[in-house]
Amino acid sequence: SQQGEEDPQALSIQEGENATMNCSYKTSINNLQWYRQNSGRGLVHLILIRSNEREKHSGRLRVTLDTSKKSSSLLITASRAADTASYFCATDRGSGNTPLVFGKGTRLSVIA
Amino acid sequence: GAGVSQSPSNKVTEKGKDVELRCDPISGHTALYWYRQRLGQGLEFLIYFQGNSAPDKSGLPSDRFSAERTGESVSTLTIQRTQQEDSAVYLCASSLRATLLGNEQFFGPGTRLTVL
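Taken in sequence, the protein lines are chains A and B.
Throughout the first sequence, residue numbering follows my numbering, covering 2 to 113 in sequence.
Throughout the second sequence, residue numbering follows my numbering, covering 641 to 756 in sequence.
Bound-form chain B, shown alone (with noise of 0.2 Å):
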């Protein structure tokens, strides 16, 4: 696609509900993002996944959190038994292979998720 798309663009739970977050990336990107962002604040790293590699989960805050990707496509990031502080704007980001020289990052729209 054009861009980097995900979805639901807003989600509203109940604590203690499950959710899943889905996030297309640009075809040809092999490398996808997860960001948390709260209000007012910056981004936080959730997790990253590279080609085939192992993906890196050093950012996700809990077990309640996950992630898996397809392949270089499709990703869905899953809370489990979510909280009230998991309301924030998820985001996810793309970018081409890894080199030295760095890589833009593509950005979704976010997910916006409030939990009741």
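Next up, chain A with everything else stripped away, as it sits in the complex (with noise of 0.2 Å):
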């Protein structure tokens, strides 16, 4: 079963624009993280987000978590060309190393 779902399926915007995309999840998590897919192959860890913390960035990156509501958006601000891609949320089962429950991904395309 998808634990994680991301909303927007798909968003386009232009060069410079920020893209935001949210992720809902059904239940209890130790961390959520962010991952990033280029043409349908292996992925790219972005960010990890543990449950007590609320705000994350990584350069160009912001993650927030909102374990009340069970969701969790990624902002890329001043999008690029080259930040095309499609981008997961992933949640563990809440017991460490356990393997991620992925949502079906968030399709971004920049246009320069």
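These are calculated hints, taken from the structure and not from any lab test.
Every residue gets a Cβ at the ideal spot worked out from N, C-alpha and C, and that includes glycine.
Warning: the hint list may mix true and false statements.
What the hints assert, rightly or not - Below, a list of computed lysine-lysine pairs in the PhoX-like style, where the Cα atoms sit at most 25 Å apart: (1) B:697 with B:657; (2) A:57 with A:105; (3) B:657 with A:105; (4) A:57 with A:70; (5) B:651 with B:697; (6) A:27 with B:697.
To be verified - Calculated from the model, a selection of chain B residues having no Cβ within reach of chain A, i.e. all distances over 10 Å: (7) 648; (8) 652; (9) 692; (10) 696; (11) 706; (12) 714; (13) 716; (14) 723; (15) 725; (16) 755; (17) 756.
With the hints as a guide, bring the two chains together.
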């Protein structure tokens, strides 16, 4: 079953604009991660936020986590054409190094 | 090695044939995962190895699927009597020893399997 559900499924923006993607999940978690996938192949880890954190930054990325609403958002500021990819949120099953449960992803297109 | 590697990168097979997919995790990573991704979909968990513990096979879709891992190194995923619905990208990932704080998973480039 897929715990994380991203919203929107697809997003198209102009270069320089900000992109916001949302993720909702169903059960309690220890942490939530965001991954990026280019061209349907390997995923690259972007950022991990723990259940006791509310916000985290990494470069142009900002992630928020609201455990009361079981939701997270990923903001990419000043987007670039190279940010074009699919973005997935992934949650653990609450017991450490367990397999991640992925959503279906948001397909982001940044138009130059 | 520098990262997780998988082979082959692409595999085309006929329905009913068996296939073996290989994964070489990052050296020192005790946890290894197999996922399947159908076109336009998210990743589905298949199986998980952690050190010498019994693998978590709860995601395997049928008894045609099996996987082995030699110690903390190479893993092979075997699909017997392939069906067209097995067509997907099969992704392998590895991560460091388990902690409650969670671990980043490092993914290989995947094997694209096409069953004709």
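Each hint tested on the structure:
| no. | hint | verdict |
| --- | --- | --- |
| 1 | B:697 with B:657 | holds (22 Å) |
| 2 | A:57 with A:105 | holds (23 Å) |
| 3 | B:657 with A:105 | violated (29 Å) |
| 4 | A:57 with A:70 | holds (17 Å) |
| 5 | B:651 with B:697 | holds (23 Å) |
| 6 | A:27 with B:697 | holds (22 Å) |
| 7 | 648 | holds (13 Å) |
| 8 | 652 | holds (16 Å) |
| 9 | 692 | holds (14 Å) |
| 10 | 696 | violated (7 Å) |
| 11 | 706 | holds (17 Å) |
| 12 | 714 | holds (18 Å) |
| 13 | 716 | holds (18 Å) |
| 14 | 723 | holds (21 Å) |
| 15 | 725 | holds (18 Å) |
| 16 | 755 | holds (17 Å) |
| 17 | 756 | holds (19 Å) |
In terms of the numbered hints stated before, the structure departs from hints 3 and 10, listed from lowest to highest.
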